[in-house]
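*Asks:* Below are the chains, spelled out letter by letter.
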Amino acid sequence: MKPEDIIELQPPKLGPMENIFVPAILAGLGTTIMHLFKSVGGNTRTMQYPEERREDMPVLEGGMDIQKYRGVHRLNRDEQGRVKCVACYMCATACPAHCIHIVGDAAPWADREKYPIKFDIDELRCIYCGMCEEACPVDAIELTYEYDIVGLTRQEMVFDKEKLLAMYDKTAARKPM
Amino acid sequence: MPTMEVDGQMVSWEGKKTILQACNDANVPIPHYCYHAGLSIVASCRICLVEMESPDPKDPAKMVKLPKLTPSCQTPAVDRMKVTSKSPKAVANQKAVMEFLLINHPLDCPVCDQAGECYLQDYSFNYGRAESRFEEDKIKNPKKDIGLHVLLYSDRCILCTRCVRFTREISGSGELAVFGRGAREEIDVFPGKTVDNPLSANVIDICPVGALLDKDFLFSQRVWFLKSAASISPISSGGENIFIHHNHGRIYRIKPRFNADVNKWWISDEARYTWQFVHENRLHACHRMQYGSFVETSWERAYAQTTEDLQKAVRDNGPGSTAAVLSPFASTEEMFLHAKFARSIDPQAWLAVTPPRIDGQDQVFKNPATGAVTFTIRAEKAPNRRGAEKITAHFGGNACALEELAEKIKNKKVMAVLASADPLPGMDKPVLAAIGAAPTLIALTSRHTGLYEKAGLSMPTCTWAEKAGVYENCDGRIQAFQQAIDPLENCRSDGRIFWDLLAHEGTHSAAAVRHEMAAAGLADYANVAIPQVEKPLEVMEFSAL
Ligand code: SF4
Ligand code: SF4
Ligand code: SF4
Ligand code: FES
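Protein chains in written order, with the numbering used here: chain A, 2 to 178; chain B, 13 to 557.
Next comes chain B alone, as it looks inside the complex:
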């Protein structure tokens, strides 16, 4: 493996890398703004300049020192190279770059949403100087609304052009550009355009300063109050890796989590902004129908009634007269327990899976210059259809599509249905149409959905942010997600409910269920890697950006 020396530390790498890439991978800090691992290299910010010595190509025993500073983000790393970012010359450059960047930069940190995760702040502290020598008036640029989700405060911009490169290379929409020259240089949208592509909000993440801000998150919380949980987006079957940032049991925003094989550094706007349902329209009590109206009931009674109702259906109509409807929004562990419970009461219980909503076609984004695929937004709008299919296949026996189940209900073959509802607004319509007519309908639902209105008994469940588990994405990748917030008042996750109904020993946890699944022959679930969040607020490491 080639090795070089950076500031006295040995750094090794494999393949072709630039100095900065090799250092980032080895956690050796070199400051950088314009470099982003997912974008092309422009070497325009000049804070990454280093001094270097490399072996002479003609006489490898001799080292040649370059007289000028070199941009480490752009210079290929060579074996036996000696790099220093701490020499007086390099440090003088870092200080000079910082001073230039701050000449017109407003003193906005107290009101700037980026404060706390701003690399201008951090580098100012690490590489800058404490006071400003600029005495003239600063240029003040007005803030601008440039898109559906994005605000531009151009006086805070450091013109690294990451955002411009993103719209050109990743989303392929090219709405942003640099206008003007010199001190008047400015980022802006082309006249008549707005940044409203389906990946637009990623420019907020990659902006190293508070120039591009999120309208949805604007002023809603200082970032240092937020706590982070590693999760998987439940919005589409792509299984985009995300961080849920939350505080005091409320979600404040969703940020992408790097996964080289799934979503790289990006997530779709849909995955980023669809979380309001966690806090809206939630149910907080078990309800049962009594003489035509809903009454609140306790968890104990709800559990007892669930078992009783299903057993009664089997007693009166024979085996095969009950059905379990699995939701592709539930974690695989929950579906396992759901199916297991259904079969424990009725060995011939029908298993059906709610078909996910399909939204047109997969949306594929390409780099217009190279034609390479940069991102895909999946058309299938549920995270875990494959998990559901795996569970139905595992249990075997009676399984049918939802339409067939509807048919059976109409023909009075199936009398009792235990259904897990989809949390997203409007997504339970097809389910409702199919099973709404069942004489006994028991619904596990987190929100006031149509299923809740129809069910003889309903139990308030948790959304994905309130539980841990695994989802299987469209490529068959099994990905675990952490619990972000505590279950809202009196809610219980599907998994917990079935754990209780099956009278399992001990406390319910997703890991315990996976253990049980592995023992039952679902070997894929024996060792699922659990993502960890080490720091209280984990955003994507800047060195990885």
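Chain A extracted, bound-state conformation:
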């Protein structure tokens, strides 16, 4: 870095009105109060979650686009109900958060070469960017519309193969492969 690259910034001098902060606070409160009155008037986007959920609303009225939403992952099944993933590690390679952990092995089926014996996704570490589904050459991994997952421990939030396949079974009807 050269000396001419350094730019010294001076904080602007505050006038007496700014120094006491009160006018700025009142201006901010004004916005809050404006919204308060507007919502009483009925013109509101507030939802009664969890009784009302975005996935049940039409997209044009602010509902969720179920086909495109990036929530919890699922592992798709092939026509015979087996895990579709071929353990190529493309998703793990593409993942910027390094939250996918795969162990591959020779598949027990005659028509398949390789499959994952372990497939863990750390849902807490995941940033839900969707890179994994982008990378998958066989469309085996997808993000679903599920977002309200809870767990009592961190370990519970590491979804293994069974959980991810169960997520497919749960979401396949509303979001076909």
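Source of the hints: derived by calculation from the structure; they are not laboratory data.
Since the model is a prediction, treat every value here as computed from it, not as a measurement.
Among these hints, one or two may not hold up.
[Claimed, not checked] Below, computed lysine-lysine pairings styled on DSS-like, alpha-carbon distance capped at 25 Å: (1) B/K425 to B/K324; (2) B/K152 to A/K115; (3) B/K276 to B/K28; (4) B/K239 to A/K115; (5) B/K276 to B/K150; (6) B/K239 to A/K119; (7) B/K156 to B/K227; (8) B/K156 to B/K205; (9) B/K107 to B/K74; (10) B/K276 to B/K324; (11) B/K94 to B/K80; (12) B/K378 to B/K425; (13) B/K227 to A/K115; (14) B/K150 to A/K115; (15) A/K115 to A/K69; (16) A/K115 to B/K425; (17) A/K119 to B/K227; (18) B/K324 to B/K422; (19) B/K94 to B/K107; (20) B/K156 to A/K115.
[What the hints assert, rightly or not] Partial list, computed: chain B residues near chain A (C-beta under 7 Å): (21) P122; (22) V123; (23) F231; (24) R234.
A virtual CB, placed ideally from N, CA and C, is assigned to each residue, including glycine.
Put chain B with the ligands on the given structure of chain A with help from the hints.
*Replies:* Positioned in the frame of chain A, the structure of chain B with the ligands alone reads:
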């Protein structure tokens, strides 16, 4: 020096070379599959075809253009030649070859272990076309188990015959051949044979695609996750140059590293597959014997006890009552510090070297056609006996063979022994028999060996993959190796231990010890060339293959 022009770049070479060889040496890329520098030239894959103009032999001022494309791997380079691999004709040929190769090629990259280091992938990207025009069904060949270490996926094979030539020209065993004709052409083993010669796994390296795969490495890791370290094989005294491929502190495979003077492009299967000991049966704490049972102890206490025990032996029995047993598996730097430490406590300490295991005779491989020696597997199964001898000679004074030391221990002449153990399973038996009876036995050992059971004090050390240093091979060649993985939990290398025991200033490093050795008169160690790995995953450059 003769010079030719290749795609607008000037390429010079010396001696007799083909166009492709000269270009490979000058790093000018020309695609090739069947050519391998270590094998005979068959010019069968046809992707290296180029257009060329060369001076007319009758009238050197005139240039003659060959009407046809020429295989650059087979055509001798001539001074003032003009070669182009980027003309429309040459490019059309490259595209056509790629298309033919991919006609029956499965779309297996996601499950193929070669992906990431596959030249069919790379050339597809560089020279091929994006989509396939083939609409019929592909021929699917079953995968086949053809040998101890090798799997054959013949639908991925591009029939370059490198593997066939390897078994015919290098290992001399000739198990592989091309069977069938045309679209049914296939690589296979002769009936009743398997690829199980002691160099067999080299066919996996030279196969440019994923047709020949390693059973040991199969599905264990995608290659782009691996990191590479330049190392020397500790398995035999040949000092074969290798790359250790590792990730997250685990070794996944060993690949050959080209060295024209030592192992050329090849390594023995033994050197390739003997690395499991790095991760098996390791010790992770210092142990000392207390009232007949082992208790864990800290490094500080172990260090203090080592010095104390040895000093006590000298105090009680006079100088010459301690001994240091050097292991031919340790690096020369470590042995130097080991001997130096032993002599710093007892100026007449005995130095002995564990004799390496000798496995029959050297195994020499010859090309059956020419009789030329292609590879030698050394019978001496330790990397650094010569280094050990050099160190003992350097320190002079009391030195003896291990049997003599055993004798001295029996006669109560030597009371305390500080021994460095051999890491390979079963290799410490003769040492144990010789020195197991010493009243004070201090062992530096990486694994649960017999020496550990007998020692009053043991310290967990590192295997060769966890440290840097030099080995001296059977021809007296001093070769440096890099550290591949971090020392496993709580382990310290022999070098570090003696560095600490000698209370040396600063951090221990092999280079610092070499500096010290050079200053002490071991001039060979002043400037040892350190192999470098520039790219994260260095496999042998394809152009060098
Ligand atoms: S990218 Fe797809 S096929 Fe590959 S490991 Fe991930 S989920 Fe499996
Ligand atoms: S040999 Fe190469 S191109 Fe063929 S499947 Fe394997 S990685 Fe892909
Ligand atoms: S198996 Fe590999 S080395 Fe052998 S011919 Fe086929 S592509 Fe070449
Ligand atoms: S024909 Fe020249 S490399 Fe194969």
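*Asks:* Compare the structure with each hint and give your call.
*Replies:* To see whether the hints hold, each was checked on the structure:
| no. | hint | verdict |
| --- | --- | --- |
| 1 | B/K425 to B/K324 | holds, 14 Å |
| 2 | B/K152 to A/K115 | holds, 17 Å |
| 3 | B/K276 to B/K28 | holds, 20 Å |
| 4 | B/K239 to A/K115 | holds, 23 Å |
| 5 | B/K276 to B/K150 | violated, 38 Å |
| 6 | B/K239 to A/K119 | holds, 23 Å |
| 7 | B/K156 to B/K227 | holds, 11 Å |
| 8 | B/K156 to B/K205 | holds, 13 Å |
| 9 | B/K107 to B/K74 | violated, 32 Å |
| 10 | B/K276 to B/K324 | violated, 51 Å |
| 11 | B/K94 to B/K80 | holds, 14 Å |
| 12 | B/K378 to B/K425 | violated, 50 Å |
| 13 | B/K227 to A/K115 | holds, 14 Å |
| 14 | B/K150 to A/K115 | holds, 20 Å |
| 15 | A/K115 to A/K69 | violated, 29 Å |
| 16 | A/K115 to B/K425 | violated, 63 Å |
| 17 | A/K119 to B/K227 | holds, 20 Å |
| 18 | B/K324 to B/K422 | holds, 19 Å |
| 19 | B/K94 to B/K107 | holds, 22 Å |
| 20 | B/K156 to A/K115 | holds, 16 Å |
| 21 | P122 | holds, 3 Å |
| 22 | V123 | holds, 4 Å |
| 23 | F231 | holds, 5 Å |
| 24 | R234 | holds, 5 Å |
Figure legend: structure checked against the earlier numbered hints; hints not met, in rising order: 5, 9, 10, 12, 15 and 16.
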